[in-house]
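Novice: Each chain, letter by letter, is given below.
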Amino acid sequence: MSSEFWIIQTFNGLSYGALLFLLASGLSLIFGVMRVVNLAHGSYFMLGGYVGLSIVWLTSSRQAPSTTIWSFTSAVLAGAVAIGLIGIGMERLFLRRLPGQTLGQVLMTIGFALIFQDLALLIWGGDPYSIPVPRFLQGAVKAGALSFPAYRIFIIVVAVVVAALLWLALDQTRAGARIRAAVDDGEMAQGVGINVPVLSQAVFALGACLAAAGGVIGGAFLGVYPGADFEVLPYAFVVVIVGGLGSLPGAMVGSLLVGLLDNFGKALFPELSYFTLFAPMALILALRPTGLFGRA
Amino acid sequence: MMRRPGVLVGVAVVVVAAAAVAPWLPSYPLTLLTQAMIVAILAMSLDVLLGFTGLPSLGHAAYFGVAAYAVAILTTERQSGFVVCLIAGVVFAAVAAALFGLIAIRATGTYFLMITLALGMVVWGLAFRWVSLTKGDNGISGVPRPDLGLPWSFWGPLPFFYLSLVCALVALALLALIVASPFGMSLKGIRESESRMRILGYNVWLHKYLAFVIAGTFAGFSGVLWAYYNGFVSPVDVQLVTSVEALLMVALGGQGTLLGPAVGAALIVFLKNFVSVYTKRWLLILGAVYIGVILFAPRGLAGAFHRRSS
Chain A
0 MSSEFWIIQT FNGLSYGALL FLLASGLSLI FGVMRVVNLA HGSYFMLGGY VGLSIVWLTS
60 SRQAPSTTIW SFTSAVLAGA VAIGLIGIGM ERLFLRRLPG QTLGQVLMTI GFALIFQDLA
120 LLIWGGDPYS IPVPRFLQGA VKAGALSFPA YRIFIIVVAV VVAALLWLAL DQTRAGARIR
180 AAVDDGEMAQ GVGINVPVLS QAVFALGACL AAAGGVIGGA FLGVYPGADF EVLPYAFVVV
240 IVGGLGSLPG AMVGSLLVGL LDNFGKALFP ELSYFTLFAP MALILALRPT GLFGRA
Chain B
0 MMRRPGVLVG VAVVVVAAAA VAPWLPSYPL TLLTQAMIVA ILAMSLDVLL GFTGLPSLGH
60 AAYFGVAAYA VAILTTERQS GFVVCLIAGV VFAAVAAALF GLIAIRATGT YFLMITLALG
120 MVVWGLAFRW VSLTKGDNGI SGVPRPDLGL PWSFWGPLPF FYLSLVCALV ALALLALIVA
180 SPFGMSLKGI RESESRMRIL GYNVWLHKYL AFVIAGTFAG FSGVLWAYYN GFVSPVDVQL
240 VTSVEALLMV ALGGQGTLLG PAVGAALIVF LKNFVSVYTK RWLLILGAVY IGVILFAPRG
300 LAGAFHRRSS
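From first to last, the protein sequence lines are chains A and B.
First residue of the first sequence? That's 0 in numbering that gives the first Met the number 0, and the numbers climb one at a time after it.
First residue of the second sequence? That's 0 in numbering that gives the first Met the number 0, and the numbers climb one at a time after it.
Source of the hints: derived by calculation from the structure; they are not laboratory data.
It is possible that part of the hints are untrue.
Each pair of labels, with its calculated beta carbon distance range [what the hints assert, rightly or not]: (1) W204/B with P279/A: 21 to 29 angstroms; (2) L173/B with L76/A: 53 to 61 angstroms; (3) K279/B with Q62/A: 23 to 31 angstroms; (4) R294/A with F182/B: 16 to 24 angstroms; (5) L145/A with V130/B: 28 to 36 angstroms; (6) F4/A with F182/B: 40 to 48 angstroms; (7) R298/B with L167/A: 42 to 50 angstroms; (8) E186/A with A179/B: 34 to 42 angstroms; (9) R77/B with T58/A: 58 to 66 angstroms; (10) R91/A with G108/B: 18 to 26 angstroms; (11) V160/A with L173/B: 55 to 63 angstroms; (12) S26/B with R294/A: 51 to 59 angstroms; (13) V235/B with L145/A: 38 to 46 angstroms; (14) Y277/B with V80/A: 30 to 38 angstroms.
Virtual Cβ for every residue (Gly too), placed ideally from N, Cα, C.
Full structure from sequences and hints, please.
Specialist: Encoded structure:
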């Protein structure tokens, strides 16, 4: 194996990990604050991609190979807002009725995932699409003999910015302190006057927004297609499990680890590629049942 | 519940009636009944974990699938007979459960859910990507129906229905004996209060581990029949949605009742097939059923029935 192979594969792994971070950080926070195992999280990713696709079609020509920055940005924002609203509705009307009922939450969120899957098929049909990107993100950045796709660099930049903002918000603001308090001990947080239900609502919406934005951004390089929801869901879960439920640093480390493991697994052992992803996770869990950064 | 004579009589009446009516049924309802019997074994096996021990497994399709794949590979590659396949399938499932149990039983609550999900994904990943063994996404087709050296051919829907019925009854009887035994009582004790059982001197880990292996073994039994019934095994059989569907059957029928999950399994099988005849939107309806069960019958049909009679 040449050194180019390792550099390019590492880069690909990092960019995939960056996308996973957008998807999984929200899932992790939702779990941390509400203890909800949300199996519809992959649906937010898929639906976000579809809404973004429709916005791009509305704002620029349908056949165009590239789109404007304005059109692409509004696609990401519209996807995030639309799915954020769906998330708020799900939390407020349904999940809030099932506090502490793990099995009930699992069955209810998978019910929503099935409904979303069917609705997406009804609205957007079964064909796979790809979201066009602005021209300046289409080329590749050359460094010596190596070339790095600009779009993958863009994903890494977006994820770093989002991670930095999330970290600042959680670590430096009053709302962030409240969220951390709710993650550590929801009952106690409620007791000292933090409005945990409102906080849960906000975190749930934020998680759905992030997943949907990830869906639009990811839709440009993974595509938007039926079944994407259940394809990305296990990845998001692995990230959260490995990193530790409710931990932002855990989601960061977990995303990078999973991105790299998945990429090298597929490149080196194509037949065992999912095994090389899930088996290390099972091992980490066997040694640290709460994940790398999680607390019981 | 199995100790009450009324229930026993009820089961006997239903079984005798089904067996008596079966020869006059057209083949489509008959195959649905067969499917219901096989899936009922899966649901009952999960009930041992979920209902009796209080462990919600999100990866129960793994053991079902391991056995189904074992049968599919053995019959298509080596032309193995029914007895070999049955033993191999059940043993493979038991071994998988014994291995996975070592990892999973350490965790409790949500972490148990997550770990079983992850372990289930390991099996799904192998089924999906280990193409030289499992044929990947295409699945393994052409699994022949078993030949037991009996005068009837199991290619016909009627003999295979009777075979499935007998198997489901055997599974029900064995599982009922297990949950009614002192061991089963200890499992219920663990469900109610793990710390109390530990203080009383019970080896809680071992009890949970054995329950896990037993549940996996019976899921394997169901998987063996499924491979023969369907003639086709694919990653769909081990995917997350299959595991969750088994959970739905248990929740719908009523956890911790053994018969409830069997009824839940039959209802879901019929619902899926009937709805898909009338509309393409059956996923939508199935999704609504998930949500409806949780909102309106959180303790399942058995719970609703109980409330009314008491």
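Novice: Next, verify each hint and record whether it holds.
Specialist: So, going through the hints one by one against the coordinates:
1. W204/B with P279/A: 21 to 29 angstroms: holds (24 angstroms)
2. L173/B with L76/A: 53 to 61 angstroms: Distance hint for L173/B, L76/A holds at roughly 58 angstroms.
3. K279/B with Q62/A: 23 to 31 angstroms: Roughly 29 angstroms apart at Cβ, these two residues keep to the hinted range, so it holds.
4. R294/A with F182/B: 16 to 24 angstroms: violated (34 angstroms)
5. L145/A with V130/B: 28 to 36 angstroms: Holds, at about 31 angstroms.
6. F4/A with F182/B: 40 to 48 angstroms: Violated: the Cβ-Cβ distance is about 55 angstroms, outside 40 to 48 angstroms.
7. R298/B with L167/A: 42 to 50 angstroms: Given about 45 angstroms between the Cβ atoms, the range holds.
8. E186/A with A179/B: 34 to 42 angstroms: Since the Cβ atoms of E186/A and A179/B sit about 38 angstroms apart, the hinted range of 34 to 42 angstroms holds.
9. R77/B with T58/A: 58 to 66 angstroms: About 59 angstroms separates the Cβ atoms of R77/B and T58/A, which means 58 to 66 angstroms holds.
10. R91/A with G108/B: 18 to 26 angstroms: Distance hint for R91/A, G108/B holds at roughly 25 angstroms.
11. V160/A with L173/B: 55 to 63 angstroms: 58 angstroms Cβ-Cβ, so the 55 to 63 angstroms window holds.
12. S26/B with R294/A: 51 to 59 angstroms: holds (57 angstroms)
13. V235/B with L145/A: 38 to 46 angstroms: holds (40 angstroms)
14. Y277/B with V80/A: 30 to 38 angstroms: Holds, at about 36 angstroms.
When held up to the earlier numbered hints, the structure conflicts with 4 and 6 and fits the remainder.
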